[in-house]
Amino acid sequence: MMKRLMISLFALSLMSGCGQGGNGEQSAASTNPQAQAGNASGNTEQGAQADAASDTNAASAVMAPDPDAILRTSMQARNGVGLDRLDQDSLQIACSNAEDRAGDQAGKLREAAMAAIEFPEDGNYLGDWKKGEAIAQNGRGMQYSDDPDDPNGGNCYACHELAAGEVAYGTMGPSLRNYGQRGQSEAMLKYTWGKIWNPHAYMVCSHMPRFGEAGILTPDQIRHVMALLLDPASPVNKAE
Amino acid sequence: MAMSGRMMGGLLGGALLAVGLAQAQDDTFDEYRSMFGDDNPAIFIVDEGSELWTQARGPENVSLEQCDLGQGPGVVENVYGQLPRYFEDTDSVMDLEGRLIHCMVELQGFKREEIIEGIYSGAGDNGTEMEALVAYVADASQGSKVAVPQSHPEEKAAYKAGEALFYHRAGPYDFSCATCHRQSDKRIRLQSLPNLTEAEGARATYTTWPAYRISQGVVRTMGWRMRNCARQQRLPELQPGSEAVVDLLMYMGVNAEGGSMDAPGLKR
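Here the protein sequences come in this chain order: A and B. Just so it is clear: in the first sequence, position 55 is 54 by numbering that gives the first Met the number 0, and no numbers are missing. Just so it is clear: in the second sequence, position 251 is 250 by numbering that gives the first Met the number 0, and no numbers are missing.
Just chain A, with the same shape it has in the complex (with noise of 0.2 Å):
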């Protein structure tokens, strides 16, 4: 019983606040107006593993395997998460290899990725970084865990150094610390901005979600994210 106190009280110190989501609707694909184009060939591959599938009983051994369907099967909406989210567009389709790699579709996801950017129409692209800050803490989003009314984070410390004072971050991404150094020239505002709203069009199979495309985050998120990468008083730029 003692024990069970301590270790409770102990659990204080340990609990951590593991990615929690926010809001949206909208699967990659429908959000995705090259994803839509690309659709076609997803289709064409899906089917043909249907096909297989409905072939009964024949050698299951070599049988391909269709994750798809199987996890159509295995899982159930919730709380405004539905089997609609597992509809993949044709960048997912090309990526889901162990190899990462789109192959010979490469080239063509990529420039179909750079296309749809949306760069901001005034040319304003820095907002308020420590609205940034706050968005980069953020790991509310899309998750049927998460209140749909909040507004989603974009969770960059999840996989990115930033902020000097913030030793809380991962490691799946590169350090963004002193980011601010490269400067504010146009081509590197559109760069990064770009990198945000989608980073397949730099490198395709990337492991970062398409913040932008995929209607994570908003425009004006976009902007202070930006700001906290670039504006030299952002703590991304300060010494600690």
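Everything labelled a hint here was simulated from the structure, so no lab data went into it. Be aware that one or more of the hints could be misleading.
Stated by the list, open to error - Below 16 Å or equal to it, Euclidean Cα-Cα: the simulated EDC-like pairs (lysine to aspartate or glutamate) are:
#1 Lys185/B x Glu160/A
#2 Lys155/B x Glu160/A
#3 Lys159/B x Asp65/A
#4 Lys129/A x Asp230/A
#5 Lys144/B x Glu256/B
As the list claims (entries may be wrong) - Listing some non-contacts, in silico: residues in chain B with all C-beta distances to chain A over 12 Å:
#6 Thr89
#7 Gly200
#8 Glu236
Said to hold, decoys possible - Every beta carbon over 12 Å from chain B, so not counted as near; a handful from chain A, in silico:
#9 Arg109
#10 Asp121
#11 Ala186
#12 Lys189
It should be emphasised that the depicted structure is a prediction, and the values quoted were computed from it without experimental measurement. Positions of the beta carbon are idealized from the N, C-alpha and C atoms, including for glycine.
Knowing the structure of chain A, use the given hints to seat chain B on it.
Then chain B, alone, in the frame of chain A:
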């Protein structure tokens, strides 16, 4: 005694969840571990599971002692490391949770939907029957080797499907399991991520689940872990004992071949 202890943990756990400090440090965890040594609080839950296994329960008022977990009716010792596996009576590959559900329905007469409804604890709950049963079965496999079978064609097919599922990208964030679990020595915030595609990471993981989660005050099962990772993928709710869970566990279990079972584990 065990019950009241669990209540207490559950209540505190609920309060703690509300506090929600973002501070899971491996250091703190190691400190905790050395403080309690081998005293994993899961032992209370293992006892509960043992009682649940032998008690006559359900509409049929029978125990689970005729349940076949792969090594014959009633055999609980050393089954965990050999699951999932193919079962002739259902002509399908099943994981431990799926098989326990099967036995509770077929032998004891419980309703499948009702078992699934309350299968995992929510925040601040006191633990569920499934969590206790899984802890009990895993505990009886301590020290045995992971040897998930690959002899039946359905077992081979499940491995292949699990591998494909592992690399399958979907959802608004484009994540697959591999996005987070393909590399070694990476972390999300401060949580280190196992590389589940190779033996070292797969063994470290497979042999330590189910696990007592300190931050939640309950035993968590592999089915719960899969469901929560799928949630982080921004996908719908993954169902216990479903084909995707079985296939993914087959993939990870085979990758973990030769590991030594050490569950219930202890996790942050």
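So, going through the hints one by one against the coordinates:
1. Lys185/B x Glu160/A: The hint holds at about 13 Å.
2. Lys155/B x Glu160/A: Not satisfied, since the Cα-Cα distance of roughly 41 Å exceeds 16 Å.
3. Lys159/B x Asp65/A: Satisfied, since the Cα-Cα distance of roughly 10 Å is no more than 16 Å.
4. Lys129/A x Asp230/A: The hint holds at about 10 Å.
5. Lys144/B x Glu256/B: holds (8 Å)
6. Thr89: holds (15 Å)
7. Gly200: holds (15 Å)
8. Glu236: violated (4 Å)
9. Arg109: holds (15 Å)
10. Asp121: Holds: least Cβ distance 27 Å, greater than 12 Å.
11. Ala186: At about 26 Å from chain B, Ala186/A clears the 12 Å cut-off, so the statement holds.
12. Lys189: With a cut-off of 12 Å, Lys189/A remains clear of chain B, as the shortest Cβ separation is near 22 Å.
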